[in-house]
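*Asks:* Model the full assembly from the supplied sequences, consistent with the hints where possible.
Take a look at the letters that make up each chain.
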Amino acid sequence: MTGVVMALLAAAAAVWVLAPLRAAAGPAGSGFRAGEQPEWPRAARVAVDDALRDLELDHATGKVSEDDYRLLRARYEGQAAEAGRSSRGSPV
Amino acid sequence: MLADLGRFSLLAALVLALYALAAAALGGRARAYGVSQNVLPKLVTSAARALVAMAALEALAAGILIFALVRRDYTFAYVVAHVRDGQALGYDLTAFWSGMEGSLLLWALILSGYTLAAVRSIARTRPRLLPGVVGVCAGVATFFLFMLTAVTPPFVTAPFPPPDGQGMNPLLLNPWMAIHPPTLYLGFVGLTIPFAIVVASLLTGGADEGGVLLARRWMLWAWYCLSMGLMFGAKWSYVVLGWGGYWAWDPVENAALMPWLVSTAFLHSVLIQERRAMLQQWTVSLVVLAFGLSIFGTFLTRSGVLSSVHSFTQSPLGGYFLGFLALSMVAAFGLVAWRWEGLRSEHTLDSALSRESAFLLNNVVFLAVAFTVFLGTVFPVLSEAVTGRRMNVGPPFFDHVVTPLGVVLLLLMGVGPLLPWRRASTASLRNNFLAPGAVGIILALGLLAAGMRAPGAVLAFALSGFVAGTVVLEFARGVRVRRAHGGEGPVRALAALVLQHRRRYGGYIVHLGILLLFCGVTGSSVFSTQRLVTLRPGEAVEVGEYRVRYDGLRQSTRSGTLVVTAALRAFSGGRDLGPLDARRNLFLTGQDSTTDIGLRSTLRDDLYVTLVGWTAGGDATLRLLVNPLVVWIWAGGLVLTAGAAIAMVPERRPARVREAVPAGAWSPGGL
Amino acid sequence: MTRPVRPVAFVTGVVVVVLALAYLVYGGIQQGATYWVTVGELRHEHPAAPPGRVRLGGTVVPGSVAWDVSHQHLRFAVTDGVDAIPVRYSGVVPDIFAEGRQVVVEGRISADGVFAATMLLAKCPTKYNPADPQKRVPG
Numbered sequence: 001m002t003g004v005v006m007a008l009l010a011a012a013a014a015v016w017v018l019a020p021l022r023a024a025a026g027p028a029g030s031g032f033r034a035g036e037q038p039e040w041p042r043a044a045r046v047a048v049d050d051a052l053r054d055l056e057l058d059h060a061t062g063k064v065s066e067d068d069y070r071l072l073r074a075r076y077e078g079q080a081a082e083a084g085r086s087s088r089g090s091p092v
Numbered sequence: 001m002l003a004d005l006g007r008f009s010l011l012a013a014l015v016l017a018l019y020a021l022a023a024a025a026l027g028g029r030a031r032a033y034g035v036s037q038n039v040l041p042k043l044v045t046s047a048a049r050a051l052v053a054m055a056a057l058e059a060l061a062a063g064i065l066i067f068a069l070v071r072r073d074y075t076f077a078y079v080v081a082h083v084r085d086g087q088a089l090g091y092d093l094t095a096f097w098s099g100m101e102g103s104l105l106l107w108a109l110i111l112s113g114y115t116l117a118a119v120r121s122i123a124r125t126r127p128r129l130l131p132g133v134v135g136v137c138a139g140v141a142t143f144f145l146f147m148l149t150a151v152t153p154p155f156v157t158a159p160f161p162p163p164d165g166q167g168m169n170p171l172l173l174n175p176w177m178a179i180h181p182p183t184l185y186l187g188f189v190g191l192t193i194p195f196a197i198v199v200a201s202l203l204t205g206g207a208d209e210g211g212v213l214l215a216r217r218w219m220l221w222a223w224y225c226l227s228m229g230l231m232f233g234a235k236w237s238y239v240v241l242g243w244g245g246y247w248a249w250d251p252v253e254n255a256a257l258m259p260w261l262v263s264t265a266f267l268h269s270v271l272i273q274e275r276r277a278m279l280q281q282w283t284v285s286l287v288v289l290a291f292g293l294s295i296f297g298t299f300l301t302r303s304g305v306l307s308s309v310h311s312f313t314q315s316p317l318g319g320y321f322l323g324f325l326a327l328s329m330v331a332a333f334g335l336v337a338w339r340w341e342g343l344r345s346e347h348t349l350d351s352a353l354s355r356e357s358a359f360l361l362n363n364v365v366f367l368a369v370a371f372t373v374f375l376g377t378v379f380p381v382l383s384e385a386v387t388g389r390r391m392n393v394g395p396p397f398f399d400h401v402v403t404p405l406g407v408v409l410l411l412l413m414g415v416g417p418l419l420p421w422r423r424a425s426t427a428s429l430r431n432n433f434l435a436p437g438a439v440g441i442i443l444a445l446g447l448l449a450a451g452m453r454a455p456g457a458v459l460a461f462a463l464s465g466f467v468a469g470t471v472v473l474e475f476a477r478g479v480r481v482r483r484a485h486g487g488e489g490p491v492r493a494l495a496a497l498v499l500q501h502r503r504r505y506g507g508y509i510v511h512l513g514i515l516l517l518f519c520g521v522t523g524s525s526v527f528s529t530q531r532l533v534t535l536r537p538g539e540a541v542e543v544g545e546y547r548v549r550y551d552g553l554r555q556s557t558r559s560g561t562l563v564v565t566a567a568l569r570a571f572s573g574g575r576d577l578g579p580l581d582a583r584r585n586l587f588l589t590g591q592d593s594t595t596d597i598g599l600r601s602t603l604r605d606d607l608y609v610t611l612v613g614w615t616a617g618g619d620a621t622l623r624l625l626v627n628p629l630v631v632w633i634w635a636g637g638l639v640l641t642a643g644a645a646i647a648m649v650p651e652r653r654p655a656r657v658r659e660a661v662p663a664g665a666w667s668p669g670g671l
Numbered sequence: 001m002t003r004p005v006r007p008v009a010f011v012t013g014v015v016v017v018v019l020a021l022a023y024l025v026y027g028g029i030q031q032g033a034t035y036w037v038t039v040g041e042l043r044h045e046h047p048a049a050p051p052g053r054v055r056l057g058g059t060v061v062p063g064s065v066a067w068d069v070s071h072q073h074l075r076f077a078v079t080d081g082v083d084a085i086p087v088r089y090s091g092v093v094p095d096i097f098a099e100g101r102q103v104v105v106e107g108r109i110s111a112d113g114v115f116a117a118t119m120l121l122a123k124c125p126t127k128y129n130p131a132d133p134q135k136r137v138p139g
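Sequence lines, in order, name chains A, B and C.
The first sequence begins at 1 in this note's numbering and counts up one residue at a time.
The second sequence begins at 1 in this note's numbering and counts up one residue at a time.
The third sequence begins at 1 in this note's numbering and counts up one residue at a time.
Keep in mind that the hints were calculated from the coordinates and are not lab data.
Worth double-checking, as some hints may not be accurate.
Among the chain B residues that face chain C by a calculated CB cut under 7 Å, a handful are [to be verified]: (1) N174; (2) V364; (3) A368; (4) R389; (5) R390; (6) M391; (7) G394; (8) P396; (9) V401; (10) R480; (11) S593; (12) T595; (13) V612; (14) T621.
Computed from a predicted model, the values in this text were never measured in an experiment.
Backbone N, C-alpha and C define an ideal beta-carbon position, used for all residues, glycine too.
*Replies:* Here you go:
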C-alpha cells in the first residue's frame, strides 16, 4: 500500500517537473528575446523615487551641500526618466 | 508504514533538489554561451518546479513526523526521545524542532518556503538572476536533505515500541523556548536568500550592484528574525534558567550573535552603497560572510562541539557541516574575487569626517565584535591546535573586549545619522551636535551629582542621552521641514514624515530600541546586588531597597512533579508589595528539576528570587538579586520590533508607471 | 572637486583599529583564559599541572555527593572513568547537577589534593539540546 503511494507520488512529481522540457517553444514561458533584459522597471522607478525623497529631506535638513544636491538630483532624475522610458509607453 | 513514506519523501526531495541544481546550472550556462535561448526558460522552469515538488515532499515528511509526535507513536525513535505520556500537547508539537533531526527538517522546510517566495519575486523583478538563485537554493537544500537521508534521519523506527517516551528536557517546556528555535531559524535560513541573490548576480556578471540592493529587503527580514530569536533566548535564560542573567557568552548564544552582527553591518553599509555607490565589494562580502556564519551557527548548535566536555570528533555531523561550510565559502568568496574589479565602486571616501566614514567605522567595529565573539567561541579548538593544550575563555574575555567596542558603536549611532554626506564642516558639526551633546553632558553631571560613581556606567548613560538627543533632533527637524512645506499640524506631520521615509525613521526607532537595550544591560550589569541566605520561617532579609520575608514552605504534586514553593512577601520602605513565590519543580521520573523564579519587575528594577534548597526543618536557602533596568531590555526589543516593522513596509507603487506586463517578458509559466 | 582621503590616512586608520583590537583581545585572554585538564592529569602530574585556574571535565561519581544546603557547601568526586578527584564548591548548584552527570568545574587544585572549584557547570544528559541549556552559575 505504501509502495503504491510512493510510486504515485514519484510519478506525479516526475511528470510535472519534466513537463516544461517537452513543451514546444511558445509565447507563454519561453521568451527571452535575444539580448533583451526584461528587467522590471517598476522596482527601479520606486527605488529612484525613494532616493529622490531622501535627498530632498537630507537637503532640507542640511546634510547635503548645495553642489552635491544639484549633482545628485540631476543624476536621480536622469535615472527616473530612464526607468520611465523602459516601460511600455511613456508615464502618464 | 508512515515511516517508510517519510523516508521516501525525504529521499525523493533530495533527488529533486539535485535535479534542480543540475537543471538550473545547465540553464544558466546555456544562457552564458548564448546557446538555444529557448532552452533556458524551460530548464529553469523545470528546476523551479522541482523545488516546488521538493517543498511539498518536505511538508509531507514534516507532517508525518508531527503526526507521529502528536499521536505519541513510540515506534519512532525520535518520538521516544522527545515525547512522554503526560507532556502537554503543545510541547509534543514543539518537539518537532527540539531534536537534531527534526530541527534539520525544519531548516529544510523553512528554506523551501523562502525559496518559493524568492523565486516568485525574482521571476517578476530580475529574471536574469533566476537560474543562479534556484541553483544556490537547490544546492543548500541538497546538503540538508543529504543530512536528513544519510546522516541524521528522523524516521528511525524500532519494531517494539517502549511503553513510554523519555520526554523533553523540562527546561525546554516553556513558551519562550518553544518559539525561540523557529524564530531563530527564520533568521538563519533567511540569510540564504540574499546569499543566493548575490551569488547569482556575481555569476551572471551583470553591471548591477552585485545584487545587494535586491537582497537588502531579505536581509532586513532575516536580521529582524535573528533579533527576535536572540531576545527570546535571553528572556528564556533569564526567566527559566534562574541564574539571574540573560546572556552568558555561551557558544550557542554566540552562534546566533555572529550572523546578527554581520547583518547589522550590512544594513548600514548597503545604505552607503545605495546613496553614494560606495563600498560595493565590502557589502557583497558581508552577505557571503553572513550566510557562512549562519551555517557555522547551525553547526555550533547542532554538534555541541564546543560546549561538550569531550573531544571534537564526537559525532560525524560536525564534519559534514564544516565540509559544506568550507565548500560554499571557498566557492562564494572565489566568485567575489573573480568579480572583484567589476564590483569596484565609482566613488571613494571623501573625508575622514563624513557620514560615509562614520558608517564605514561602524561596519569595522561590528566586524571587530563579530571577530572577537568568533575568536572567543572557537578558542578551545584554536588553542588546542596551536599550543597543544585546550584552553577556554569565559565571559570576562568577551566583556573585556566587547564593552569598549559597544561604547564606540553607541557613539557612532548618535554621530552617524547627523553627519552630512561627503564632508562635514565645522558649522554643520556645531549645528548638529551642540544640543544633543549638551543633553549628554547634563545627564552625566546629573548622574554624578546623584551619586553614581561607576565611570563606565556614567559614560554609557551619558552617551545614551546624547544619542537619544540626536534621534529626537532628527525627528524634530524632519517635522519642521514637512510643516514648512505642507503646513500640517505637528502630529500629522510626524505621521506623514515617518510614513514617507519609512526606512530612515524606522531605523531611528530601531536605534531607540537599541538605546533602551544598552541602558538595560548597563544597569543590570553594573548595579546588580545579590544576597545568598538561609532563612527560618518568619525571618526577613534586606537586598537593595527591598526587604523580603520568608513565610514558609509549601509542597504539592502536579502531573508527575513535586513542587516545593517558598512563600515570600516583599516590602519596600515599609510598603507591602505583595506575595512572591519561588519554586523548585522536582520531576519524579528522573533526577531533573527546574526552577520557577519569584520575579517582581518594575521599570526601575527586578526583584529576582531563586529557591536554592531547603532543610527538613523548613528553612529555605534563597538567592536574591536586584537587577536594575532589566525591563528596559525587553522594552527595547519591542521598540526595535516596531521600528523594523515600519522599515519593512514596502514602498508604495508609483501611480504613474503602467503596470501591465510588457509583451514577451519572461515568466515562469505554469508555476 | 573634493580631495579623496589619501590611502595613507586610510591604512593608518585600519592599523589603529587592528592594534586597538589586538590590545583588547590580548588583555581579555590574560584575564579570562583557563586551561582544560583531565582528571588523570591532575591526579598524576599534580605538581606539573598548569598553574592557576583550570577547567576540569568529568562525570560525578555516584555516592560521592555531600551537599550542605544551608551553607552552600558542596563536596563530590569527579571521574574520567579511570581516576577520580575530590571537589569542593561553594555557591549555587545548577538544577541539572546530579550523580552520574557530566560536569565542568573551574578552579584550582589545592595543597590537600582537593579541587577547589569557583564555577560549576552541569551538562544535560540528552545528546542534543537546541539551546544547550547548561545552567550557568558564575560562582
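*Asks:* Each hint should be assessed against the structure and marked as holding or not.
*Replies:* Okay, the hints, checked on the actual structure:
Because the closest C-beta pair between N174(B) and chain C is about 10 Å apart, greater than 7 Å, the hint is violated. Interface restraint check for V364(B): the shortest CB-CB distance to chain C comes to about 6 Å, inside 7 Å, so the restraint holds. At its closest, the beta carbon of A368(B) sits 5 Å from a beta carbon of chain C; the interface hint therefore holds under the 7 Å criterion. The interface hint given for R389(B) is met, as the beta carbon of that residue sits about 6 Å from the closest beta carbon of chain C, less than 7 Å.
The restraint placing R390(B) at the interface with chain C holds, with a minimum CB-CB distance near 4 Å, inside the 7 Å limit. With its C-beta approaching chain C no nearer than about 5 Å, M391(B) sits inside the 7 Å limit, and its interface hint holds. Below 7 Å, beta-carbon pairs count as interface contacts, and G394(B) has one with chain C at about 5 Å; its hint therefore holds. The beta carbon of P396(B) comes within 4 Å of a beta carbon in chain C, closer than 7 Å, and the hint placing it at the interface holds.
Among the interface hints, the one on V401(B) holds; its C-beta lies about 4 Å from the nearest C-beta in chain C, closer than the 7 Å criterion. Contact between R480(B) and chain C, as hinted, is not supported at the beta carbon level, the nearest pair being about 29 Å apart and thus beyond 7 Å. Among the interface hints, the one on S593(B) holds; its C-beta lies about 5 Å from the nearest C-beta in chain C, closer than the 7 Å criterion. At a threshold of 7 Å, the smallest CB-CB gap from T595(B) to chain C is about 6 Å, leaving the interface hint in force.
Interface restraint check: V612(B) against chain C, minimum CB-CB distance 6 Å, threshold 7 Å, status holds. Annotation: interface hint on T621(B) holds; nearest CB of chain C at approximately 5 Å, less than 7 Å.
The structure does not agree with the numbered hints 1, 10 stated previously, though it agrees with the rest.
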